[in-house]
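**Student:** So the sequences go chain by chain: D and W. Numbering follows the working numbering, with no gaps: position 276 of the first sequence is 276. Numbering follows the working numbering, with no gaps: position 114 of the second sequence is 114.
Derived by calculation from the structure, the hints in this document are not laboratory data. One thing to keep in mind: the hints can contain errors.
Examples of chain W residues toward chain D, derived with CB under 8 angstroms [claimed, not checked]:
hint, residue
1, N30
2, N88
3, I99
4, Y117
5, C118
6, T123
Capping the alpha-carbon separation at 30 angstroms, the derived lysine-lysine pairs in DSSO-like fashion look like this [claimed, not checked]:
hint, chain 1, residue 1, chain 2, residue 2
7, W, K133, D, K290
8, W, K74, D, K141
9, W, K40, D, K293
10, D, K159, W, K151
11, D, K159, W, K149
12, D, K141, D, K115
13, W, K149, D, K293
14, D, K211, D, K141
15, D, K159, W, K62
16, D, K194, W, K177
17, D, K139, W, K62
18, W, K80, D, K293
19, W, K60, D, K141
20, D, K141, W, K62
21, W, K40, D, K213
22, D, K290, W, K62
23, D, K207, D, K235
24, D, K194, W, K40
25, D, K293, W, K151
26, W, K174, D, K293
27, D, K83, W, K174
28, D, K290, W, K60
29, W, K60, D, K213
30, W, K74, D, K235
31, D, K290, W, K174
32, W, K149, D, K138
33, D, K194, W, K39
34, D, K290, D, K194
35, W, K62, D, K293
36, D, K293, W, K133
37, D, K141, D, K83
38, D, K159, W, K60
39, W, K39, D, K290
40, D, K194, W, K74
Built from N, CA and C at the ideal position, the CB exists for glycine as well.
For reference, the chains in residue letters:
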Amino acid sequence: MKVVCFLPDSIAFQNKLGMLTRSAGVDFQPCNSEEDAKLFASKEKKERFFLFADAKKVDFLKEFSFAYPESRIIVILQETLQKVIPSLIECVNIQCFVATNNGEFDARELILLLKKFETKDYPGLDKHLGFPNIFNEKKIKNQIDKREALTNLEGFVLKIGGNTERFQQYAQRVCELTDELLLNAVFDANPRLKTMARHESFELEEKESVKVKWGFDGEVFGVSVSDPFGTLTKKTVMQYIDENQKTESMGKRVSGGLGIKLIFDRLHHFIVTVKPGQKTEIVCLMRFEKRFKDFDSRLRSFHFFEAEEKN
Amino acid sequence: MNINMSSAFEVQGMEVVVNNTTIEFSGLLNEESSIDNIKKGLEQAFANSKDKVIRLDFSKVKRANSCGILAWYKILDSFKDGMCVYINVPRWLVEQFNISDFLSEKTRVESIQANFYCPSNDTHETLLLTLGKEIPILDSYDDFNLIMKSKDGLDLEIDFEPNEYFYFISSNIKRFKGEAA
Chain D
1 MKVVCFLPDS
11 IAFQNKLGML
21 TRSAGVDFQP
31 CNSEEDAKLF
41 ASKEKKERFF
51 LFADAKKVDF
61 LKEFSFAYPE
71 SRIIVILQET
81 LQKVIPSLIE
91 CVNIQCFVAT
101 NNGEFDAREL
111 ILLLKKFETK
121 DYPGLDKHLG
131 FPNIFNEKKI
141 KNQIDKREAL
151 TNLEGFVLKI
161 GGNTERFQQY
171 AQRVCELTDE
181 LLLNAVFDAN
191 PRLKTMARHE
201 SFELEEKESV
211 KVKWGFDGEV
221 FGVSVSDPFG
231 TLTKKTVMQY
241 IDENQKTESM
251 GKRVSGGLGI
261 KLIFDRLHHF
271 IVTVKPGQKT
281 EIVCLMRFEK
291 RFKDFDSRLR
301 SFHFFEAEEK
311 N
Chain W
1 MNINMSSAFE
11 VQGMEVVVNN
21 TTIEFSGLLN
31 EESSIDNIKK
41 GLEQAFANSK
51 DKVIRLDFSK
61 VKRANSCGIL
71 AWYKILDSFK
81 DGMCVYINVP
91 RWLVEQFNIS
101 DFLSEKTRVE
111 SIQANFYCPS
121 NDTHETLLLT
131 LGKEIPILDS
141 YDDFNLIMKS
151 KDGLDLEIDF
161 EPNEYFYFIS
171 SNIKRFKGEA
181 A
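Work the whole structure out from these sequences, hints included.
**Tutor:** Here it is as structure tokens:
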């Protein structure tokens, strides 16, 4: 696996990326011009390779995406994802949007991202949190399970923070986010329940059951929800995050979009792994910043992986 | 309290208490909230109001999900006459005001809750801010700041981004200027 990096306006990021990718055991090739990047791509066409580039280079990204569809593109965000979605939504091989905050990447997430591509292993929540950590898990088959899961989750976050005002609010945010993930997993992902009225109580068969898991490693809190259908697409997620939907009429909505917006405001990393027809797992990570203002102002990352068959 | 004017509808997920022309909701606004009972509450409050203005207090609703929010929007939309005034609006509802066309010509906002941080003792407080008083009606909140006092008399700093949190005001400036007047 090779990585080509074109970040001419951000040499500091390029250097940091070089260090991180090499530490993940990946071959790293910095480029100084668009031509260099294209030349590299044309030579590596038959190999798996990755392009790291700045979201601001919209024309270059579009051109590169269409000219080298076999490549995987990782976009570096120095502004909100919502701002770049309309320009880049059609680029099917842009897989990850990696946020920078205060001039830094989240090194752990970036290395994990590269490792996933390299090994074609897509670990769940456990690998996203450091050690030590405690995980809680609940299988959801009906409304009572869903209610219990949210109550347990709320209790967990309150316990972490000693029931302070700050953690009461974080508990609310985490529950709001998880509630939406569960709604999507129970109803939207399931062809049998997709059109069912949401206020009707649901009963899932064993093979349809949804899993929710959460944990905290002292720095990062994570929650994951998985369904056994594997139908979520990158385009669906991006359409719903798109800022332009602010103007969409509420009355015309049926579901979905409102939920993904709610989710995206309440996390820092949104990581989706889809094994088509078999499983969708969404991992959400966040830092319980001292000030909500700092929590809100962090740029969000979005990683999308479609599980590949191992050779 | 006039007993005829007051009633409570206890439902799974959410409780609706009508107190004359004010409706107090508590619990959770989600797929389990009874649309019929919420509608009944609104009908009763409107029936109690001579000028068809009612007040909606969601401050005791801990959280909402997209099903509940959408259901609420549709319930409100089904009432063709009358004016609803949101009071003590919690954060989750302010966020809804900001991400969609949630507020219509038939709704007003009187006061909202906001997060504050006390740097002296590293604590947080949620305070109620009134539009036109603590929150001036502005078309941009770039330079907005507000220092409030904690219960112990210590300085509290705003713990939200004013341009984003008050977007529902700055993006509807004409309407809010009219309301404040």
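**Student:** Take the hints in turn and mark each one as holding or not.
**Tutor:** Hint check results:
no.: 1; hint: N30; result: 7 angstroms, holds
no.: 2; hint: N88; result: 16 angstroms, violated
no.: 3; hint: I99; result: 6 angstroms, holds
no.: 4; hint: Y117; result: 5 angstroms, holds
no.: 5; hint: C118; result: 10 angstroms, violated
no.: 6; hint: T123; result: 7 angstroms, holds
no.: 7; hint: K133/W with K290/D; result: 28 angstroms, holds
no.: 8; hint: K74/W with K141/D; result: 28 angstroms, holds
no.: 9; hint: K40/W with K293/D; result: 38 angstroms, violated
no.: 10; hint: K159/D with K151/W; result: 24 angstroms, holds
no.: 11; hint: K159/D with K149/W; result: 28 angstroms, holds
no.: 12; hint: K141/D with K115/D; result: 33 angstroms, violated
no.: 13; hint: K149/W with K293/D; result: 18 angstroms, holds
no.: 14; hint: K211/D with K141/D; result: 9 angstroms, holds
no.: 15; hint: K159/D with K62/W; result: 18 angstroms, holds
no.: 16; hint: K194/D with K177/W; result: 43 angstroms, violated
no.: 17; hint: K139/D with K62/W; result: 24 angstroms, holds
no.: 18; hint: K80/W with K293/D; result: 38 angstroms, violated
no.: 19; hint: K60/W with K141/D; result: 29 angstroms, holds
no.: 20; hint: K141/D with K62/W; result: 24 angstroms, holds
no.: 21; hint: K40/W with K213/D; result: 38 angstroms, violated
no.: 22; hint: K290/D with K62/W; result: 21 angstroms, holds
no.: 23; hint: K207/D with K235/D; result: 26 angstroms, holds
no.: 24; hint: K194/D with K40/W; result: 29 angstroms, holds
no.: 25; hint: K293/D with K151/W; result: 21 angstroms, holds
no.: 26; hint: K174/W with K293/D; result: 28 angstroms, holds
no.: 27; hint: K83/D with K174/W; result: 27 angstroms, holds
no.: 28; hint: K290/D with K60/W; result: 25 angstroms, holds
no.: 29; hint: K60/W with K213/D; result: 28 angstroms, holds
no.: 30; hint: K74/W with K235/D; result: 28 angstroms, holds
no.: 31; hint: K290/D with K174/W; result: 36 angstroms, violated
no.: 32; hint: K149/W with K138/D; result: 42 angstroms, violated
no.: 33; hint: K194/D with K39/W; result: 26 angstroms, holds
no.: 34; hint: K290/D with K194/D; result: 39 angstroms, violated
no.: 35; hint: K62/W with K293/D; result: 20 angstroms, holds
no.: 36; hint: K293/D with K133/W; result: 22 angstroms, holds
no.: 37; hint: K141/D with K83/D; result: 37 angstroms, violated
no.: 38; hint: K159/D with K60/W; result: 22 angstroms, holds
no.: 39; hint: K39/W with K290/D; result: 40 angstroms, violated
no.: 40; hint: K194/D with K74/W; result: 20 angstroms, holds
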